[in-house]
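*Asks:* So the sequence lines, in the order shown, correspond to chains A and B. Residue numbers 1 to 421, in the working numbering, belong to the letters of the first sequence in order. Residue numbers 1001 to 1240, in the working numbering, belong to the letters of the second sequence in order.
Please note: incorrect hints may appear among the correct ones.
Restraint ranges, calculated between C-beta atoms of paired labels, are given here [stated by the list, open to error]:
| id | chain 1 | residue 1 | chain 2 | residue 2 | range |
| --- | --- | --- | --- | --- | --- |
| 1 | B | Thr1132 | A | Phe368 | 52 to 60 Å |
| 2 | B | Trp1023 | A | Arg385 | 52 to 60 Å |
| 3 | B | Ser1138 | A | Leu19 | 31 to 39 Å |
| 4 | A | Ala392 | B | Met1083 | 52 to 60 Å |
| 5 | B | Ser1029 | A | Arg5 | 32 to 40 Å |
| 6 | A | Leu403 | B | His1127 | 19 to 27 Å |
| 7 | B | Asp1035 | A | Ala392 | 53 to 61 Å |
| 8 | B | Phe1030 | A | Lys290 | 56 to 64 Å |
| 9 | B | Ser1138 | A | Thr17 | 31 to 39 Å |
| 10 | A | Leu19 | B | Thr1132 | 55 to 63 Å |
| 11 | A | Asn13 | B | Ser1190 | 40 to 48 Å |
| 12 | B | Thr1132 | A | Asn13 | 49 to 57 Å |
| 13 | A | Arg127 | B | Lys1158 | 50 to 58 Å |
| 14 | A | Leu363 | B | Ser1190 | 35 to 43 Å |
What the hints contain is simulated information worked out from the structure, not anything from laboratory work. By construction, the Cβ of each residue, glycine as well, lies at the ideal position given by its N, Cα and C atoms.
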Amino acid sequence: MIILRLAFKSVINRKFTTLLTIFSIAVSVVLILGVEKVRTGARASFTNTISGTDLIVGSRSGGIQLLLYSIFHIGDATANITWKTVEDIRKRKEVDWVVPIALGDSHRGYRVVGTSRDYFSKFRYRRNIKLGFTEGHAFQDLFDTVIGAEIAKTLGYKVGDKIILAHGTGPVSLNKEHGDTPFRVSGILASSATPVDRAVLVSMEAIEAIHVGWETGDFQKDKVAQSPQILRKMKLNPKAATALYVGLKSRMQTFSLQRWINSYPEEAILGILPGVAFGQLWALIGNVEKVLFLISAMVVFTAILGMVISILASLNERRREMAILRAMGASPIEIFTLLAAEAATIAVFGVILGFVAVYGAILLVQPFIESLTGLYIEISTPGWREFLTIAAILGASVLAGILPAIRAYLTSLSDGLMIKF
Amino acid sequence: MTVISQIKSESPAVLLSNTDFRWGASTDSFRLRIDHFRLEREESNILVGPSGSGKSTLLGIICGTLKPQEGETRVLGQRLEEMGDLARDRFRADNIGIIFQQFNLLPYLSAIDNVLLPLNFSMSKKHACGLTQAECYSEAEKLLETLGIDIKSTAKQKAVELSIGQQQRVAAARAFIGFPKLIIADEPTSSLDEEIQSAFLDQLFLQKEKTGSSLLMVSHNPRIAERFDTITELDKISHT
């Protein structure tokens, strides 16, 4: 015990170098745990873009492609799903709800998403959070639109503003505007740090309405543009959807319905489990996290090396200290323990400081990170990975501390009691 | 049975015969050969000799940190060659008090904690001071007071904050705590001016008388030799 007390007092005595060493270990811990937190946060933010949806259905293509256009609104579908198919799926006894989405239009570079009003109650993100409104409400009139938080902020829209949608999703300059049918912003969604923040939501009927006369993909010159008043009176049943979000009565039925969808004889469609597709997509981009981890590990290595160098450098000036302890009756093993305990003390303090700093920093800056980057870093109790990382840093520090301890052991043996400088 | 209880009272404090010690295996390396050296119980002996004659080596042999290749080393009746490394460390902790030349306190401990330090390595010294921490503390205070250290202020100061003279007196108190049978001092007065040197020696001898220890001190200063019972000129008893 005396050796541990002496180790502690000796560490405290060399405040400046000790503090620097502790600080460097703390920084490395902050970095490695910070990277881990950002990594898990990024992954969670990514995979929690949608929750509560059991299946996503689209025309048959790749699962990742379907995920990209249906959730992230990146890329386009190879084909639409006919409304008969939508109804067939809706009629299945396993199905609780179906929310269709229709893509293909845009507004100043932002994707327009045609959908039903159920979207606002069924679409969930992160841990089953419903979309909320900061202003206004869901669309009620045919030409109402709900816009995402980012669009409202970037383009400065507020409820009541009129916006014009454009046909197509390519570069803004190439799109042709649906100028005869302006939409009124009826609601602005609260930020969810999901692609919904960048979506212009309109009803499925509105998508049909703005495309009256555009059946060939361009406005047909022989047709007369219909006024919004006339369009409101028309029967505008949706004819197709780009993709469907499907909720089931029981998750146990997910695979059987998926099988049914994937072998649906009347149309080539594909059903995917969002979680599985997210996992496949993350695996594609997950190498970045390995690189980050490697860089952090190198920082930890450098910090531990710094600690060893600092203790080794102090050994020569501490030979008399060791001789005094030897004179008191301390054995070389106790001298070894003293030095090893010093390294362990420094490492423990460094790790504790780093641990507190990383959680303190997350607590402080979490809202800023979320508003700036959309990355939601959850403040949760440390997981086994964190404890394992910390244990590894501590273990490596103690192991590295053996080097100066061995040196001290050998020095104390050869010096004995009488040090002559 | 403790080591102290094994010590034969009639045996000399230190007895070296046919000691042969070499630093390293090379023929050029330093070699110290002593045919015979004896220090009686309660005797004070000053060991003199030119630099490089092996004085510190001899002290290392007596303390058990250096092992001669040949010969017999008996300290307080115990043959050091027969002890293992750990036993020699414990024997030193229990029976020997050591004062170095200078800078011989742990700088990060207070004066009184430095005095109490040996008790952490020796149960017999601790028991000699008392059974409780308070008794040990009181014994350390008594020693410091006898050696002229103000226990209210100086004793609580860190070692680095003390003057060289104060440090040497604290070191002496540390050597005497727990009533060791043998005090080894390696040029403890060399860094002190003459007046402080004399006062320090007065206190050293006073403590030696009170505790009944034997004292073996290395010094370059022939003027202090008259205060010792015997003088040993190392170059006369050794072949280096």
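*Asks:* Now tell me, hint by hint, if it's right for this structure.
*Replies:* Status of the hints after comparison with the structure:
1. Look at B:Thr1132 against A:Phe368: about 58 Å separates their beta carbons, and that is inside 52 to 60 Å.
2. For the hinted restraint 52 to 60 Å between B:Trp1023 and A:Arg385, the CB-CB distance of approximately 53 Å keeps it satisfied.
3. For the hinted restraint 31 to 39 Å between B:Ser1138 and A:Leu19, the CB-CB distance of approximately 37 Å keeps it satisfied.
4. Taking the beta carbon of each, A:Ala392 and B:Met1083 are about 42 Å apart, not inside 52 to 60 Å as hinted.
5. The hinted window of 32 to 40 Å between B:Ser1029 and A:Arg5 holds, with their beta carbons roughly 39 Å apart.
6. Taking the beta carbon of each, A:Leu403 and B:His1127 are about 38 Å apart, not inside 19 to 27 Å as hinted.
7. For the pair B:Asp1035 and A:Ala392, the beta carbons lie near 59 Å from each other, so the given range of 53 to 61 Å is met.
8. Checked against the given bound of 56 to 64 Å, the beta carbons of B:Phe1030 and A:Lys290, roughly 58 Å apart, stay inside it.
9. The beta-carbon spacing between B:Ser1138 and A:Thr17, approximately 37 Å, falls within the hinted interval of 31 to 39 Å.
10. Remark: the range hint 55 to 63 Å for A:Leu19 to B:Thr1132 is contradicted by a beta-carbon distance near 37 Å.
11. Our hint of 40 to 48 Å for A:Asn13 and B:Ser1190 is violated, since their Cβ atoms are close to 26 Å apart.
12. Look at B:Thr1132 against A:Asn13: about 28 Å separates their beta carbons, and that is not inside 49 to 57 Å.
13. For A:Arg127 paired with B:Lys1158, a C-beta distance near 56 Å keeps the hint of 50 to 58 Å intact.
14. The beta-carbon spacing between A:Leu363 and B:Ser1190, approximately 59 Å, falls outside the hinted interval of 35 to 43 Å.
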